[in-house]
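Based on the sequences and whatever the hints tell you, model everything.
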Amino acid sequence: MTDTPVTFDRFTVNRVRILALLALAMAAPFVTYPVLGMTVLCFGLFACSFNLLLGYTGLLSFGHAAFLGTAAYVTAHALKVWELPTLPSLALGAGAAALLGAVFGLIATRRHGIYFAMVTLALAQMMFFVFLKAPFTGGEDGLQGVPRGSLFGLIDLSDDTTLYYVVLTIVVFGLWVIHRAIHSPFGEILKAIRENEARVTSLGYDVARYKLLAFVLSAGLAGLAGATKVLVFKFATLADVHWHVSGEVVLMTLLGGVGTVIGPMLGAAVVVVLQNELADKVGSFVTIIIGVIFILCVLTFRRGIAGELNDLRRRVLGDARSGSADG
Amino acid sequence: MLKGSSIGLCVGALLSLGTAHAEITDGVVRIGVLNDQSGIYAGLSGPGSIWAARKAVEDFQPEKHGLKVEVVAADHQNKPDIGSSIARKWIDVDKVDMIVDVPTSSVILAVNQVVQEKNKVMIVSGGGTADLTGAACTPNSIHWTYDTWALANATGKAVVKTGGDSWYFLTADYAFGHALERDTEAVVLKNGGKVLGRIRHPFPGTDFSSFLLQAQASRAKIIGLANAGGDTINAIKQAAEFGITQGGQNLAGLLVFMSDVQALGLNAAQGLILTEAWYWDMTDENRKFAQAFTAANRGAFPTSAQAGVYSAVTHYLKTVATQKEDGDGAKVVAAMKATPTDDPLFGKGTIRADGRKIHPLYLFEVKKPSESKKPGDFYKLRATIPAEEAFRPLEDGGCPLVKK
Amino acid sequence: MTEIFGFPIQALMGQLVLGLVNGSFYAMLSIGLSVIFGMLNIINFAHGAFYMIGAFLAWMGLYYWGISYWWSLILVPLAVALIGIAVERTLLQWIYKLDHLYGLLLTFGIALVIEGMFRHWFGVAGQPFDVPEGLTGGFNLGFMFLPKYRAWVIAASLTVCVGTWFVIEKTRLGSYLRAATENPKLTQAFGINVPIMVMLIYGLGVGLAGFAGVLAAPVLQVSPLMGSNMIIVVFAVVVIGGMGSIVGSIATGLMLGVVEAIPKVFYPEISSTMVFIIMAIVLLLRPAGLFGKER
Chain L
19 MTDTPVTFDR FTVNRVRILA LLALAMAAPF VTYPVLGMTV LCFGLFACSF
69 NLLLGYTGLL SFGHAAFLGT AAYVTAHALK VWELPTLPSL ALGAGAAALL
119 GAVFGLIATR RHGIYFAMVT LALAQMMFFV FLKAPFTGGE DGLQGVPRGS
169 LFGLIDLSDD TTLYYVVLTI VVFGLWVIHR AIHSPFGEIL KAIRENEARV
219 TSLGYDVARY KLLAFVLSAG LAGLAGATKV LVFKFATLAD VHWHVSGEVV
269 LMTLLGGVGT VIGPMLGAAV VVVLQNELAD KVGSFVTIII GVIFILCVLT
319 FRRGIAGELN DLRRRVLGDA RSGSADG
Chain F
2 MLKGSSIGLC VGALLSLGTA HAEITDGVVR IGVLNDQSGI YAGLSGPGSI
52 WAARKAVEDF QPEKHGLKVE VVAADHQNKP DIGSSIARKW IDVDKVDMIV
102 DVPTSSVILA VNQVVQEKNK VMIVSGGGTA DLTGAACTPN SIHWTYDTWA
152 LANATGKAVV KTGGDSWYFL TADYAFGHAL ERDTEAVVLK NGGKVLGRIR
202 HPFPGTDFSS FLLQAQASRA KIIGLANAGG DTINAIKQAA EFGITQGGQN
252 LAGLLVFMSD VQALGLNAAQ GLILTEAWYW DMTDENRKFA QAFTAANRGA
302 FPTSAQAGVY SAVTHYLKTV ATQKEDGDGA KVVAAMKATP TDDPLFGKGT
352 IRADGRKIHP LYLFEVKKPS ESKKPGDFYK LRATIPAEEA FRPLEDGGCP
402 LVKK
Chain B
24 MTEIFGFPIQ ALMGQLVLGL VNGSFYAMLS IGLSVIFGML NIINFAHGAF
74 YMIGAFLAWM GLYYWGISYW WSLILVPLAV ALIGIAVERT LLQWIYKLDH
124 LYGLLLTFGI ALVIEGMFRH WFGVAGQPFD VPEGLTGGFN LGFMFLPKYR
174 AWVIAASLTV CVGTWFVIEK TRLGSYLRAA TENPKLTQAF GINVPIMVML
224 IYGLGVGLAG FAGVLAAPVL QVSPLMGSNM IIVVFAVVVI GGMGSIVGSI
274 ATGLMLGVVE AIPKVFYPEI SSTMVFIIMA IVLLLRPAGL FGKER
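Here the protein sequences come in this chain order: L, F and B.
The first sequence runs 19 to 345 under the working numbering.
The second sequence runs 2 to 405 under the working numbering.
The third sequence runs 24 to 318 under the working numbering.
Check before you lean on any hint, since a few could be wrong.
[Stated by the list, open to error] Straight-line Cα separation of at most 30 Å, DSBU-like style, residue types lysine-lysine; simulated pairs:
id: 1; chain 1: L; residue 1: 299; chain 2: F; residue 2: 319
id: 2; chain 1: L; residue 1: 299; chain 2: F; residue 2: 119
id: 3; chain 1: F; residue 1: 349; chain 2: F; residue 2: 162
id: 4; chain 1: B; residue 1: 171; chain 2: F; residue 2: 368
id: 5; chain 1: B; residue 1: 316; chain 2: L; residue 2: 209
id: 6; chain 1: F; residue 1: 222; chain 2: B; residue 2: 171
[Said to hold, decoys possible] So, partial list: chain F residues that the calculated Cβ filter (under 10 Å) puts toward chain L:
id: 7; residue: 82
id: 8; residue: 114
id: 9; residue: 283
Hints were generated in silico from the structure; no laboratory data involved.
As the structure is a prediction and not an experimental result, all values here were calculated from the model.
Using N, Cα and C, we set each Cβ at its ideal position, and we do this for glycine too.
Have a look at this one:
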């Protein structure tokens, strides 16, 4: 399809684009408000992890809130009650989410399409109930006043700007994992499953195992996002496990661009900024505006922000400068 | 409509800016109304609370006190992370000095942390978690209008004393529901009543008929509704349908507001017993306030939470004007606690060391449709709970500020 | 007196009857959802919003224009169907050829907009709506007090459900409808206007939701949130019953209402999670739902 020079150009373009985005992310605290930036990063990682399933494996999970929420509760509990250091707490949260992902995945990947989505929704609703009833979660009030702790006992995380860079590092790590997964042979098989599952089976691959692995990876990264979110806000509440969050992540991914690496991050940025910035400007119009965006998204630009931008760039054809305009 | 707007800017204030009032950070006192603008608590707080805050500023006439006051507002969508990040941004970027209203317990507790960390002020009116003056109390927060303990206590005690000595609870399976049930049960037992049973229903619920049937079968004299908003409305509506009140049982709403009664209509709500801190048809001042309120809010009558916002903002502005200080939140709150409160709607009152605003509470019964003479004529007063008995005793809350 | 697990059997009977009432609502809502899915291939997330519009129109009719409950029962479903048709013509018709996901997302967006507008106009506290004259009071069945209105709900919804089933499965119009969706090109070739058929189906589906809304108005809180509280359960009902199966929706709706009634006695906290537990189990044992055919 593409001849060699274009591929080379694309490679550099990607480099430039990633560096530009990273530079932008590094500079963000000086321009915007760090807590907003961190919220965007956390939800961005969450959406990217979700996209690993939807965009690259073709599985629509409607229960991803369970992973975000489980990790948040575990991390919060580890930090507040067990008083563990920050990094192990994060790892514990992400690990718990991955474990839950293995359970969900084992059950849900037996089903396809909308039934897959429904099974994940059902399981996530059960987790909601578990967290509602579990004594350690504090009901809907949640676990409040979770300490941020410090990094290796050296760097105090109570300062928002310091924390921002830590969160950025975590999120970049998460994105790197996703990037590596997608561009590995494993990722190629996932994409092949998305395109034609039967053919992959006929080639002798154990499709179920690949789907399960993708699910666990996605759950673990969603968990990492949830765990990191606890550091930012210092609490974990029932709102994280609600099915609305599972719906929101679909919106973020769709808006940003299904099946693009960075798209969901952009989508998350738009949604989070809308929710936070519109909150004191339009009042009760927030729901309507988000609904309209949904509709426009489906009707006019289904490829999402990143997808449309890629398309635009392709039309301008391999021009490296247009690539950096993506940020 | 909901844009942050500046009120009370006048030439006098402009001239005095920057020189005479250097203690007012950046020269403007900014009040942020943080609440639910379109969700389940929008009726009891929502846009009405924003209006009340603006009205309080207007009536205070900041220019006469050499102040410039701005009111901003935001919808926290009942999500703690949104509430918390708005609060942070307001304080850090927009230089908001005080946050008021805040329904939804999880958001209150989240914002509470932020406000304490940044040393600003939070005054809760729309929210009810009694933890705010208990384990979670801070030198930066005041709980103004009501709390779950006070409502449970007032309704429970008054009902038992008037013969409603056997109870059955319909409880939302959420922390606030459990708290309401626990506190009511304690006061019922203490006053010689008994509890025949309870049902914890999922939140939010739609169909209550099954639970009502079980409550009916218990033959308890009182069915206590330890839930809120839509759940309470559905439960009451369906209780009327099942002839619960005609069967001799009474409903006691433990967390019911004027907005809920308005949504039910008197046909369904008649006979309901409830406690509120404020009712519009009690004094001339209240009626005047309500008249302006209904005109500006599409015919809705003010709730106690909205009146509480007015009252809280008034006291806050008075304190800021006398202290000439809005930057150091703990200092302002300490001064607010030291000064008795006095405003047109809540009258005279005090604020306790744990941040609890003290005033009387009123036990109301919802009128029959035939007794209602005018729009909004919903309640008849059954009892007044004097200020000193209305709220949880200072020593029982476990507020760390009190132990010291 | 006989008891089951220490619970008097008579009381349990009462619970089962109430379950049937809830089941009627589930059935009526899921039938529309199911018809729309079966024929348009769209997972209509906006269904709850149309149900809410139905309840609101009934209220507005009564309070603004003095239209009685009984007239509303006829007029409101028609009005809701018209609104639905407008939505179908302007928005939905562009996405029929796309993946399910887009239909779900588009209707989710539509639901948000509708709900948001009602929230903005009416707030969420809800509107008063009394049980209509003639249906107040109730029957004493010995084991329970059954309000007349609840009995009416069961009767009305069953009639409508069976009527819908009859129209679609047994009449000529129904066979056109089914043909138009199963093989649009061929049907078009026979001279039947397929887009109009599709439009009618969507109108019919959401009209049923509107009817359910009017039925619900006297017993449930008439509030913009009433649809979104309901939709996810109804969704589960459709999936359990088998997507696209009309009989499945009716039977599952009623059954689920009854099954849900049991935990409401023994462990009420779990009653709203029950439907999801059942859904997970059913999907694992019968991938296409209880009444669905594997595609």
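Okay, the hints, checked on the actual structure:
1. In summary, the hint linking residue 299 of chain L to residue 319 of chain F is supported, as the alpha carbons are separated by about 28 Å, within the 30 Å threshold.
2. For the suggested pair residue 299 of chain L and residue 119 of chain F, the alpha carbons sit about 23 Å apart, so the restraint of at most 30 Å is met.
3. With a C-alpha separation of about 28 Å, the suggested pair residue 349 of chain F and residue 162 of chain F falls inside the 30 Å cut-off, and the hint holds.
4. As the CA atoms of residue 171 of chain B and residue 368 of chain F are separated by approximately 25 Å, the hinted pair is consistent with the 30 Å bound.
5. The suggested pairing of residue 316 of chain B with residue 209 of chain L holds, with an alpha-carbon distance near 29 Å, which does not exceed 30 Å.
6. Annotation: proposed proximity of residue 222 of chain F to residue 171 of chain B holds, straight-line Cα distance about 24 Å (limit 30 Å).
7. Annotation: interface hint on residue 82 of chain F holds; nearest CB of chain L at approximately 5 Å, less than 10 Å.
8. A cut of 10 Å between beta carbons decides the hint on residue 114 of chain F: the least distance to chain L is about 6 Å, and the hint holds.
9. Taken as an interface hint, residue 283 of chain F does not check out: its beta carbon lies about 30 Å from the nearest beta carbon of chain L, beyond 10 Å.
Figure legend: structure checked against the earlier numbered hints; the only hint not met is number 9.
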